[in-house]
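Asks: Residue numbers (my numbering), protein chains in the order written: chain F, 128 to 206; chain L, 77 to 542.
Below, in silico cross-link-like pairs of lysine-lysine (DSS-like), each with a Cα-Cα straight-line distance of 30 Å or less:
id	chain 1	residue 1	chain 2	residue 2
1	L	K214	F	K139
2	F	K173	F	K132
3	L	K213	F	K139
4	L	K96	L	K128
5	F	K139	F	K159
6	L	K131	L	K186
7	F	K132	L	K213
8	L	K448	L	K462
9	L	K214	F	K173
10	L	K214	F	K132
11	L	K199	L	K186
12	F	K173	F	K159
13	L	K199	L	K214
14	L	K462	L	K482
15	F	K173	F	K139
Hints in this document: simulated from the structure, not taken from any laboratory. The model shown is predicted, which means the values in this text are computed figures rather than measured ones.
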Amino acid sequence: MSKEKFEEALEKLETIVRRMEAGEMTMEESLKAFEEGIKLARFCTKKLDEADRRVDLLLRQEGELITKPFAGEERESER
Amino acid sequence: MDKGNLKEILSVSSLNDRIKALLEEGFALVWVEGEVSNLRRPASGHVYFTLKDAKSQIRAVIFRTPFSRAGIQPSGFELEDGMSIVCRARLTAYPPRGEYQLIIDAIEPKGLGALQKAFEQLKARLEAEGLFDPSRKKSLPFLPSRIGIVTSPSGAVIRDILTVTGRRFPSVDILIVPVRVQGTEAAAEIIQALGDLQCVQGVDVIILARGGGSLEDLAPFNTEDVARAIARSRIPVVSAIGHETDFTIADFTADLRAATPSAAAELTVPNRADLMETLQSLRSRMNRCLRQETRRLGERIANLSQRLRNPKRRLADIRIALDDNTERMRTTLTRLAAVRRHQLINLIVRLENRNPRTRIVQWFEKIEGLRKELQAAQESRGLQRKNRVRSSMALLDSLSPLSILKRGYSITRRLPDGLILRNTGEVLTGQEVDIRLSAGHLQATITDIRHDVIMTVSRYKEQGKG
Chain F
128 MSKEKFEEAL EKLETIVRRM EAGEMTMEES LKAFEEGIKL ARFCTKKLDE
178 ADRRVDLLLR QEGELITKPF AGEERESER
Chain L
77 MDKGNLKEIL SVSSLNDRIK ALLEEGFALV WVEGEVSNLR RPASGHVYFT
127 LKDAKSQIRA VIFRTPFSRA GIQPSGFELE DGMSIVCRAR LTAYPPRGEY
177 QLIIDAIEPK GLGALQKAFE QLKARLEAEG LFDPSRKKSL PFLPSRIGIV
227 TSPSGAVIRD ILTVTGRRFP SVDILIVPVR VQGTEAAAEI IQALGDLQCV
277 QGVDVIILAR GGGSLEDLAP FNTEDVARAI ARSRIPVVSA IGHETDFTIA
327 DFTADLRAAT PSAAAELTVP NRADLMETLQ SLRSRMNRCL RQETRRLGER
377 IANLSQRLRN PKRRLADIRI ALDDNTERMR TTLTRLAAVR RHQLINLIVR
427 LENRNPRTRI VQWFEKIEGL RKELQAAQES RGLQRKNRVR SSMALLDSLS
477 PLSILKRGYS ITRRLPDGLI LRNTGEVLTG QEVDIRLSAG HLQATITDIR
527 HDVIMTVSRY KEQGKG
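Extracted from the complex, chain F is given alone in its bound form (with noise of 0.2 Å):
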């Protein structure tokens, strides 16, 4: 699942909590949303868990696009 996904999740999630929290809901219907709920709170943890990134460069060479690791990232990670 892409980063895009994180916030529509983060979105579903805030409104199944606003319409649990409105009431209206029957408990089948509540415990449906809270197993949804979770499932959603799940994924957009793992999101923020992720710790890892890329740090590239974006070059031209003969006219080709091209990318390669940005050498002074590895500084910065260092630090």
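Assemble chain L onto chain F, guided by the hints.
Replies: Quick look at chain L alone, frame taken from chain F:
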């Protein structure tokens, strides 16, 4: 070529042609700075002026290209007399007049006044065109996948951005497009970089950044072409150019302007810690909701089950009621039976009192009495009668005609009616009569009547009677 020995005589034309060739070859690309004077704009759309400095001057022309508007230079500002400029040009000669001039293809304003003027002009024009309209601004992704950073790959700017993004949200990928951020080639490289990023997978926000510098240092970010490249970008662009107080055309055009590169990084990447907190809060709200819901339902169930009556209990009630009713019914029936029995006995007694047998017996006794009475009466009557009959029979015997007949008398009766004849008038001649004797009968026919006491019997017939 041996200059000394060769006496070559040239025509003016060929001299000028050779000069032209030399100039064009030797000055194919020059950068030259000077002050604009004698600015002319003929109807052709080309722009002519003289570029000069304190000691010298040179003719210059800017040809109108299909892409440039009349009087507006490619760099986006309007030339004025007295303006200091730097221009990129090639040299050429015009043989018919024996003149040489610069053919300019790019101009940048030079010096604070000119730069400021150019800036104001461009800003006003692009603003009028609507390039800075808030409606054009694209919104930034909440959590970018990959950030394209157009800046110098060395220096504090990129370091700050990497530090801040890494601290706020360590998993966002970064793609740096290294460009020069000042100098004559900077604008072109920035434009190229922005264009290149459009095609890179995953890049969903761009930071265009540069550290602080003079107005001249920031010049590339004040060009129309860079502004248009930013406006063209499908990917939202966050600008962070110069110091907090510097505003460039690029800043106005960008979708979001950040005061510093660090601020740009903060605006682009959400804070992971904040999100963690938000998420935690959402989770606990959700948990609380479910707990509340569960408790509420539990209470409801408890309440309902209290109100729910066990049908067995109800059945017991019914059973008791049934027993009660049965008992009452039995009692009532018993009482009623007793009453009825009493009434019946009463009736039986009354009936018995009126039994006809009793009467019959009485009647029989009465009948018996009467019979005895009758018998007694009959017995006494019979004796009387016997006596009376005896005396009557004696009398009767004495009076009987038969005894008279024995003395010789007879009795004559007219036939057929049997009338006892006492005088002659009672018969006619020829009539038959019966004559009763003491023993037997005679049947005779009257043959003669005499009205005296003579009587003739003509015939008589004994009747075997007696």
